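Undergrad: Sequence:
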Amino acid sequence: MRHPFEYYITLITSIKKWCVSNLQKIKKFLCISNCLLKN
Numbered sequence: 000m001r002h003p004f005e006y007y008i009t010l011i012t013s014i015k016k017w018c019v020s021n022l023q024k025i026k027k028f029l030c031i032s033n034c035l036l037k038n
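Going by numbering that gives the first Met the number 0, the sequence shown opens with residue 0, and the numbers climb by one from there.
It is worth saying that the hints were derived from the structure and are not from the lab.
Certain hints may be false.
To be verified - Below, in silico cross-link-like pairs of lysine-lysine (DSBU-like), each with a Cα-Cα straight-line distance of 35 Å or less:
#1 Lys16 to Lys27
#2 Lys15 to Lys26
#3 Lys15 to Lys27
#4 Lys37 to Lys24
#5 Lys26 to Lys37
#6 Lys37 to Lys16
#7 Lys37 to Lys27
#8 Lys37 to Lys15
#9 Lys26 to Lys16
Quick caveat: nothing in here was measured; it's all calculated off a predicted structure.
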């Protein structure tokens, strides 16, 4: 059985990865919508 602390770290790491990938998508989306609004 794994250590609870180890599990916690793994969880946080996966959440961070998820947030980073989502942030990139959001930034791309905002950039595109910004470009569309300017035109």
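Undergrad: Confirm or reject each hint.
TA: Comparing the hints with the structure gives:
Between Lys16 and Lys27 the CA atoms are separated by roughly 17 Å; this keeps the pair inside 35 Å, and the hint holds. Between the alpha carbons of Lys15 and Lys26 the distance comes to roughly 16 Å, so the proposed pair stays at or under 35 Å and holds. Pair hint Lys15 plus Lys27 holds up; C-alpha atoms about 18 Å apart against a cutoff of 35 Å. Restraint check for Lys37 and Lys24: the C-alpha separation of about 20 Å stays at or below 35 Å, so the hint holds.
For a cut-off of 35 Å, the pair hint linking Lys26 to Lys37 stands: about 16 Å separates their Cα positions. Our distance criterion of 35 Å between C-alpha atoms is met by Lys37 and Lys16, whose separation comes to about 32 Å. For the hint linking Lys37 to Lys27, the alpha-carbon distance of about 15 Å falls within 35 Å, and the restraint holds. Taken as a hint, the Lys37 and Lys15 pair is honoured in the structure, with Cα atoms around 33 Å apart against an allowance of 35 Å.
Our distance criterion of 35 Å between C-alpha atoms is met by Lys26 and Lys16, whose separation comes to about 15 Å.
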